[in-house]
Amino acid sequence: MSKGINTVRASTIALLLLPGVGYLVLFFGLPLARVVLGSFAGRGKDAPLATLDAWQQLFANPVYLDGLWFSLWLGVAPTLLSLAVSLPLSALMQANESSRRFFGSLYRIPLVVPGIVAAFLVLVMLDRGGMLMRILTPLGLGLPKLVRDPVGLGAILASSWKTIPFMTLIISGSMAAISKDVIAAARTLGASRLVILLRIQLPLARPGITAAVLLSFIGSLGSFVIPNLLGPTYPLPLSVHMWSEGFQKGNWPLVYAMGTLLSVMSIAVLLAYYFLIGFLNRGEAEAQRLGARPRAGASRAPEALNANPA
Amino acid sequence: MDKSLSIRQLVKDFGTTRALKFVDLDVPAGSFTTLLGPSGCGKTTLLRAVAGITDPSSGEIYLGDRRIDRVMPEKRNFGLVFQTYALFPHMSVEKNIGFGLEMRRVAKPDAQRRVQAALELVGLGHLAKRLPRQLSGGQQQRVALARAIVIEPDVLLFDEPLSNLDAKLRDGLREDLRELQRQFGITSIYVTHDQSEAMALADEIVVMKDGEIVERGTPVDLYRRPAYRFTAEFLGLTNVIAADIAGSRCLLPWGAETRVENPGAKAAEGVAIRPEDIGITADPEGGGVVTHAVFMGASTHYNVDIAGLNLRVVAAGGQAAILEQGQRVNLTPPPALHLLQTFAPMREAAE
Chain H
1 MSKGINTVRA STIALLLLPG VGYLVLFFGL PLARVVLGSF AGRGKDAPLA
51 TLDAWQQLFA NPVYLDGLWF SLWLGVAPTL LSLAVSLPLS ALMQANESSR
101 RFFGSLYRIP LVVPGIVAAF LVLVMLDRGG MLMRILTPLG LGLPKLVRDP
151 VGLGAILASS WKTIPFMTLI ISGSMAAISK DVIAAARTLG ASRLVILLRI
201 QLPLARPGIT AAVLLSFIGS LGSFVIPNLL GPTYPLPLSV HMWSEGFQKG
251 NWPLVYAMGT LLSVMSIAVL LAYYFLIGFL NRGEAEAQRL GARPRAGASR
301 APEALNANPA
Chain L
1 MDKSLSIRQL VKDFGTTRAL KFVDLDVPAG SFTTLLGPSG CGKTTLLRAV
51 AGITDPSSGE IYLGDRRIDR VMPEKRNFGL VFQTYALFPH MSVEKNIGFG
101 LEMRRVAKPD AQRRVQAALE LVGLGHLAKR LPRQLSGGQQ QRVALARAIV
151 IEPDVLLFDE PLSNLDAKLR DGLREDLREL QRQFGITSIY VTHDQSEAMA
201 LADEIVVMKD GEIVERGTPV DLYRRPAYRF TAEFLGLTNV IAADIAGSRC
251 LLPWGAETRV ENPGAKAAEG VAIRPEDIGI TADPEGGGVV THAVFMGAST
301 HYNVDIAGLN LRVVAAGGQA AILEQGQRVN LTPPPALHLL QTFAPMREAA
351 E
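Chains as they are written, first to last, in this note's numbering: chain H, 1 to 310; chain L, 1 to 351.
It cannot be assumed that every hint is accurate.
Beta-carbon label-pair distances, calculated as ranges [stated by the list, open to error]:
{"#": "1", "chain 1": "L", "residue 1": "Gly172", "chain 2": "H", "residue 2": "Leu202", "range": "31 to 39 angstroms"}
{"#": "2", "chain 1": "L", "residue 1": "Ser4", "chain 2": "H", "residue 2": "Leu215", "range": "31 to 39 angstroms"}
{"#": "3", "chain 1": "H", "residue 1": "Arg9", "chain 2": "L", "residue 2": "Ser39", "range": "37 to 45 angstroms"}
{"#": "4", "chain 1": "H", "residue 1": "Tyr274", "chain 2": "L", "residue 2": "Asp2", "range": "23 to 31 angstroms"}
{"#": "5", "chain 1": "L", "residue 1": "Ala117", "chain 2": "H", "residue 2": "Tyr274", "range": "36 to 44 angstroms"}
Output of the computed footprint for chain H on chain L, the stretches with three or more beta carbons under 8 angstroms from beta carbons of chain H [said to hold, decoys possible]:
{"#": "6", "segment": "22-30"}
{"#": "7", "segment": "50-57"}
{"#": "8", "segment": "72-80"}
{"#": "9", "segment": "186-196"}
The set of hints was computed from the structure by calculation and includes no laboratory data.
Treat the numbers as computed from the prediction; the structure is a model and nothing was measured.
C-beta: ideal position from N, C-alpha, C; glycine also.
Taking the hints into account, I'd like the entire structure generated from these sequences.
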């Protein structure tokens, strides 16, 4: 009898969860599972059902390992460069109405230029024999190698061209949410613009900044067009290896292994972020607990609370 | 150092709107001056220009004989208290109060002592470790007050600091605030749209309208002898009546006679009679009829139709019988009345 009721209850809960969980499973879980499972698949007619061949290839070959590190570099470097530009830019936009309008229209321009176009822009401008070179050469000036250079400067610049406006959009939004009075109060108390940026704006805009950093990192980590066009011939990032392994060599298990690895790195960064936030919030909750909540009785007798730390 | 404040011909334009029109104002050292006016009159703009948060379009501001209108706000050493409290939400109460001292590079033990003293001053010594959001509105504003006072500012500026608080809290904090200001003798400017707050606090009230100063004076002078109708009507309730004036004699529309104390007033708009200055007596032969009566406890508010006018009359409660609606009454004017002038706003040509 009660077993029947439990079954009904369980199926009701399952049915209620279906729209949310079902969506995740269908559009996120299944494709990811397909990628992960594919990385263990064997190749050829008499291959075993599951094998670690692809993973062994991935980790045994220095070409791929260099690719892994280069992918990480292409994720981290544009993110740091963009952050270095976006933070002051976002802060400047808060200064007054005219600077908000000026920088506000400026940073939006790259948002409407697709990545491939941005890559070609960098190519046309910065390559040997590019526009900048032609302008500088008569002046007796030269440029370092910026396209297909070993550290991927061209690719980093092109990625940043895309991520700077994106980051600025998010960060300036969270800075704009800070009360103007709070900034004014800091100024009258003697804080310079730099101190206000470091002590008031950055801590209060932290959620927006971390979100922008994460999204930019994950986006650049897997970018294909820009490093393919502007990056060096060696090392190649995993994204480019995935393309050539799949479409030129037909080694799909290796492609899936690389895809899994990139996903795991993204998820790891995300989890690290949540862990950090949780840790910081716990610290804050601890401070709150020690500070105790304001109540009529509590505010008059704080020592009573200290006597009972639980 | 002279801590008086002088404002000379201050103008502030926002686009095509002129928010301040050649404002001149002197605030004596140690005095408490209130800027009073309806919203949009420019009082907050004036305060922010003094604080340095808003750049004036032209004009000069002096602290003593030092010109400060081009000095950055962080170099002015002015304390500012906001309607929104504007505490740093991510800092504890003591960090908030200590922020200004930190910016002034005050040595840590000294700073700690001063923060603690400021906390005790506003009665929040036990809340030092809390975050602002864990405090009530009144407590937050006390923290903001402590934060502004602890830096020992040359001038204290208040931008409607009590407007977000409920009535009971407001009265308590208002008294404390005035007490602290007196104790330290800090030159203060206080912006408000609440006339009773202005009268309770100020040494001098400056009445503003449409970006200019209408008139200024002590609360008693402005209430009893305002020059302009705008002031008379903004400060408390008043009846403005067109009367026949001959010399200092004044004949009111319902036949009562009294005199005016300022017969020379230019472009007179009429005479001002405060509702509480009118005597009201039940009289079956009287010319007035009570159209509305509201018992307020300490007093009773009447509306009386008389000689085609509808006047407000306030009778002290206590002993007097409450008059009914429809009852005939007689109204007695006070022995002397005050003639009101028309306020002429600055002509645009003056720009």
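Quick rundown of the hints versus the structure:
no., hint, result
1, L:Gly172 - H:Leu202: 31 to 39 angstroms, "holds (37 angstroms)"
2, L:Ser4 - H:Leu215: 31 to 39 angstroms, "violated (55 angstroms)"
3, H:Arg9 - L:Ser39: 37 to 45 angstroms, "violated (59 angstroms)"
4, H:Tyr274 - L:Asp2: 23 to 31 angstroms, "violated (58 angstroms)"
5, L:Ala117 - H:Tyr274: 36 to 44 angstroms, "holds (42 angstroms)"
6, 22-30, "violated (count 0)"
7, 50-57, "holds (count 3)"
8, 72-80, "holds (count 9)"
9, 186-196, "violated (count 0)"
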